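Engineer: Take a look at the letters that make up each chain.
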Amino acid sequence: MISRREFFHLAAATAAVAGTAMPFSRAMAQQKLDQAGILDFQSLGQVTLLHFTDMHAQLTPIFFREPSVNIGVGEVEGLPPHITGKDFLGHYGIKPGTPEAYALQSHDFTALAKEYGRVGGVDRMMTLVKAVRAERPNNTLFLDGGDTWQGSYSSLETQGEDMVKIQNALGLDAMTAHWEFTYGQDRVQELQEMLEFPFLAGNVTDTEWQEPVFESTAWFERGGVKIAVVGQAFPYTPVANPRYMIPDWSFGINEKAVRKHVEDARAQGAELVVLLSHNGFDVDRKLASRVDGIDVILTGHTHDALPKVEIVNNTILVASGSHGKYLSRLDLDVKDNKVAQYRFKLMPVFSDVITPDPEMAALIENLRAPFKDEVEKVLGVTESTLYRRGNFNGTFDDLICQALLEERDAEIALSPGFRWGSSLLPGQEITVEHVHHHTSITYPNVYRTEMKGSFIKEILEDVADNLFNKDPYYQQGGDMVRVGGMSYTIDVDKDIGSRISDLTTLKDGKPIDPNRDYVVAGWASVNEGTEGPPAYDLVAGYIEKQKSITIPENQTVNVRGV
Amino acid sequence: MSTKQALSALTRREALMLAAGATMVAAGGVVLKSGTANADEKMTNDAIMKLIGDKKPADGKITLELPQIAENGNTVPVGVSVDSPMTADNYVKSVHLFADGNPAPDVASLHFTPMSGKASAATRIRLAGTQNIVAVAEMSDGSVYRAQQEVKVTIGGCGG
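Chains A and B, in that order, are what the protein sequence lines are. Just so you know, our numbering puts 30 at position 30 of the first sequence, and the rest follows in order with no gaps. Just so you know, our numbering puts 108 at position 108 of the second sequence, and the rest follows in order with no gaps.
Be careful, since some hints might not be right.
Taking lysine-lysine pairs in the DSS-like style, the calculated list, with each CA pair at most 25 Å apart, reads [said to hold, decoys possible]:
#1 A:K260 - B:K118
#2 B:K118 - A:K494
#3 A:K260 - B:K61
#4 A:K256 - B:K61
Hints were generated in silico from the structure; no laboratory data involved. This one's a predicted model, so the numbers in the text were calculated from it and none came from an experiment.
Just chain A, with the same shape it has in the complex (with noise of 0.2 Å):
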């Protein structure tokens, strides 16, 4: 008997909508790069919807690494986004070296960094974004996924103020939240009041009488069309964050609250009904094929970046990456309550080539202006390239493990699996502000305790299982927990409390004993009242002091059932 799913993907095959995916510009086929040819679009259809998510409170210009290992367990194993490298490139028929390829995947990434700059700055995405508003002014729906008013020391310094001043230049439509709560029940509500446009999250009720907080669901007209934007914020907010910032806030995927809205918007006679969504791809895979009637999902949290949308029970997902790399454009003809036909294209904000917009670019200089000589201040010279994004340690992981352990004179280091933070390249100098865009958080302090070795293993197994659930409904999203002064194997394809073996410590090559107690550092606790310094005085502290980093990929972790 044919299953649910498979009929779904069956149905998918045979009556998906039909459409497009643009190569980032026709000039890029010769290797050339600039903003006509970023911009090049053949308009389609009444709608055109612009998406950027997770930006993590990037003004300006970074590097930014695409993960080299991002793996997908169960039914999503080696589906998009969970393809990397040089596989990434023949999947989407890119040629190495490419600008695509510099852009979408990590292979070749510190050559290619020197040949095409950096990435991202809201003053060139503005630039984009008025370019298509110019061309489609009547038809254009600007929405931002969450995760924007969080990740640099001014976000920070202004509990998330100089991000709504920025989203409300920039012109948005609507957003989802996620790391936004972590400023607090109150601050979010006061944020809210400031913004000029609706928050939105239908998943999100209060913890006595699970009645909706925020709205759900925010109505436009483009082009003659009646469009429902239903918002969705990060369902595990109050576990993978800290609860006690949102004490009365409840979450969850809450997949009967979406079909609601979803109905409830047909029924209110919407012609095309969008999911902003901060689920995590493979969360929003798995909600597509079971919720019917959602034409698009702009997905978000698992900071992908995918130059064709996907399509699952007749539903178009969109994965417009992180830190403001990319901008999605995707135009839609809209025919009897359905997508006729769609055109794509992932726009990359190369900042070399974009103009940047005058006047985004004097509010960020403003912004930016009180704490200029505080994030500027240079703390040492990287000789290696430092990178955070993939499923285990990376480079700037392993440099954060190393200040812990130093600087807290401990045994094993504990740092969270952060999707975000800016890329350095070799030779480039380590400032306050690159220290920040990896350790820039509300509960930032590193704590020192000591931890059996039994209980060491029960978190990596319990975050493993966070990230490696075979039921993406399951999944947290992060990435694996990252440990210094101990290695690791870990196999992905087994259960909760089976996957992780042969802990040993890096010191002495012992392996780690279950009935020991090993002194721990490790910061971002979720716990109330934890002591320590700042992670993000420590880490620069640290760097300052060793002034020249160097920081081998990593070789601690192990990884099995791939």
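Based on these hints, arrange chain B on the given structure of chain A.
Structural biologist: Chain B only, in chain A's frame:
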């Protein structure tokens, strides 16, 4: 299940919570695994057998509403509803909820009549650790349905 066993299970949970509180686990959490003192699948199945005898429960009809991952194991919202016309000759008699990792698996028994209008209820339960919640529905014609879902209880702290 003796009181002593139940207490030791709670103590383990509290010990872990305390440990986490005191040690401030970063970037990760701890699954509060059911200790030996807690119920297991066999105990749950025995409890179900006691209620329905040899009848083989069928899949379907029951909708369980539970989080996949509990935000707070001490108070987990659970909703259960059973698809039924709820007429005099075709209605849901009762729905039983079990938690197979709690000190005692029986959580609640809910009884309905055709006058109930619909077979639907919601409450909050405490879960000692990651476990399955099982719902068993007895229908007026003697048929039995079963559904289950896993709820993870973690301390968390790893979202990126």
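Engineer: Now look at each hint and say whether the structure bears it out.
Structural biologist: Here's how the hints hold up against the structure:
1. A:K260 - B:K118: Holds. A:K260 to B:K118 sits at ~19 Å (cutoff 25 Å).
2. B:K118 - A:K494: 42 Å, violated
3. A:K260 - B:K61: Answer holds: A:K260 to B:K61 is near 19 Å, not above 25 Å.
4. A:K256 - B:K61: Given pair A:K256, B:K61 holds - Cα atoms ~16 Å apart, limit 25 Å.
Checked against the numbered hints above, the structure breaks only hint 2 and satisfies the rest.
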